[in-house]
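Enquirer: Construct all of the structure, not just a fragment, from the sequences and the given hints.
Just so you know, the sequences run in chain order A and B.
Every letter in the first sequence is one number past the one before it in the working numbering, and letter 67, counting from 1, is 67.
Every letter in the second sequence is one number past the one before it in the working numbering, and letter 198, counting from 1, is 198.
Keep in mind the hints are simulated off the structure, nothing from the lab.
Values in this document were obtained by computation on a predicted structure and should not be read as measured data.
Just so it is clear, CB atoms sit at the ideal spot from N, CA and C, and this is done for glycine as well.
Keep in mind that a hint or two might mislead.
Facing chain B, from chain A, some residues (calculated, C-beta under 10 Å) [to be verified]: (1) GLY42; (2) ARG47; (3) ALA53; (4) LEU54; (5) ALA62; (6) LYS63.
Just the calculated beta-carbon pair ranges, DEER-fashion [as the list claims (entries may be wrong)]: (7) A/ALA3 / B/ALA256: 49 to 55 Å; (8) A/ALA3 / B/ALA316: 19 to 25 Å; (9) A/LEU5 / B/ASP254: 55 to 61 Å; (10) B/SER268 / A/ALA3: 35 to 41 Å.
The chain contents come next:
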Amino acid sequence: MTALLPDKYVPIDHSILGLAASIMTQLGVNDTVSTLWDRVSGQQGVRTFDRFALALTLLFAAKIVDYDGGILRATPRLGQSI
Amino acid sequence: MIKEVRSNLEHFHSPKFGEGFNVVLADTARDADETESTNGLGKSTLLRIIHFCFGGASERDRVLSHPSLSHVSFGLTFSIDDADVRIDRRIGDRDVRVSRFFVEGEYSVRPDTSDQIAISLDDWRRLLTRRFVDARDPGDEGQAPPSFAEIRLYLARLGKTAYSDPQLSFQGQSGASKRLNLAYLLHLNWEKQRQLESEEDKRKQINSAIKVLEDARISEEDKSIGDLEAARVVLERQLAVKEKQVSDFNVRDDYAQLERRLRDVDISIHDLINANFEDSRLLEYYQRSAKETPDAPSGDPVELLRNAGAIFNPDALRSIDEVAKFHEQVYSNRRDFL
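Expert: In structure tokens:
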């Protein structure tokens, strides 16, 4: 299992949590899994699709990202307009 | 012919020889019953005494040089031309007493009534050579034959050499001496041998002279320390000039500036090459990763939720089924795309 949280040996940029934060900043409108992957796969901390998938799943599990008909969208925050 | 050998030693047995072939024998020594040896009874010593009387050097004779024989007199009588010649000589003396008539005519002697007169050892040796070997007239410019002393060693052989090599008269004899004596004894043309020996000596002298001249020429060619020092100073100056020319040599005035730019460019090229290499490796990885069809690991969502519970409020998390389905969907989406 890839490290979810940073610790003594895993810096934040290499952890899934850090990667998820990075992916979140790259998420665009009407992104699919593949378009987002194509955009972020060049980043140094992403490295593998498995890590990308775990980061994306973390965002989905925490209700930060929604998945609707193959499109990834950021979940609206309270007080934030959709 | 030797007729008698004598000595003033008290127990000396004087042998007497007659006409014809004479043999000297010795009785077996009293202390040599088992070996029946007749060694050490004086047979060879008799020969040594004969040599001594005929001018041999007693100091080099290992028997006659014994200290107990100091100033002991030995003598012999030999006949020549039907006359007996008496010789007497004492060990350590430098003269020899010889029958007067044998010496008269050769050397001027004082009128005396004695039967023997004393002459020096050197005169005695020369007299023997003249009487028995070299019959030339005085002043003869011809080649000189061997001395009587040399011939005597062949006629009365002594030592081991006498029985191992008939051509040698003593150990260490030179080849020239051997050839000359043998030529004389065998009535060969010993004058030519002497001449050849003389020519050989001249050649050695000439070769030595040539070598000395050559050494002198070489030594003259050697330069003195002062000359070498002056040459060193000149060469050092020339070397300094050449070194300065080499250090100051430049193709262009801006050579140093070009050199710095070249170094910077070279560093930049190396950095780009390294970056290119890293990019190519990364590109290979991406290409390989992009072509791979991802499979969703089955346990990842569950583990993810368990860990996510440490940072999120569990109530804020989606259910395990939703998460698992989404996770599977991500992989499915990618597979469909590829």
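Enquirer: Does A/ALA62 pass the interface check with chain B, least Cβ-Cβ distance below 10 Å?
Expert: The hint holds - A/ALA62 has a Cβ within 10 Å of chain B, the shortest such distance being about 5 Å.
Enquirer: May I ask you to test the interface hint for A/LYS63 with respect to chain B, counting a Cβ-Cβ separation under 10 Å as satisfied?
Expert: 6 Å, holds
Enquirer: Look at the Cβ atoms of B/SER268 and A/ALA3 and judge whether their distance stays inside 35 to 41 Å.
Expert: 38 Å, holds
Enquirer: If you take the shortest Cβ to Cβ gap from A/ALA53 to chain B, is it below 10 Å?
Expert: 5 Å, holds
Enquirer: Holds or violated: A/GLY42 as interface residue toward chain B, Cβ cutoff 10 Å?
Expert: 7 Å, holds
Enquirer: Is the distance from the Cβ of A/ALA3 to the Cβ of B/ALA316 consistent with 19 to 25 Å?
Expert: 22 Å, holds
Enquirer: Taking the beta carbons of A/LEU5 and B/ASP254, is their distance inside 55 to 61 Å?
Expert: At 59 Å between Cβs, range holds.
Enquirer: Holds or violated: 49 to 55 Å for the Cβ distance of A/ALA3 and B/ALA256?
Expert: Holds, since A/ALA3 and B/ALA256 (Cβ atoms, about 54 Å apart) stay within the stated range.
Enquirer: Once the shortest beta carbon distance from A/LEU54 to chain B is found, is it less than 10 Å?
Expert: Because about 6 Å separates A/LEU54 from the closest Cβ in chain B, which is inside the 10 Å limit, the hint holds.
Enquirer: For the hint on A/ARG47, just tell me whether its beta-carbon gets within less than 10 Å of chain B.
Expert: 8 Å, holds
The structure fails none of the hints (numbered hints given earlier).
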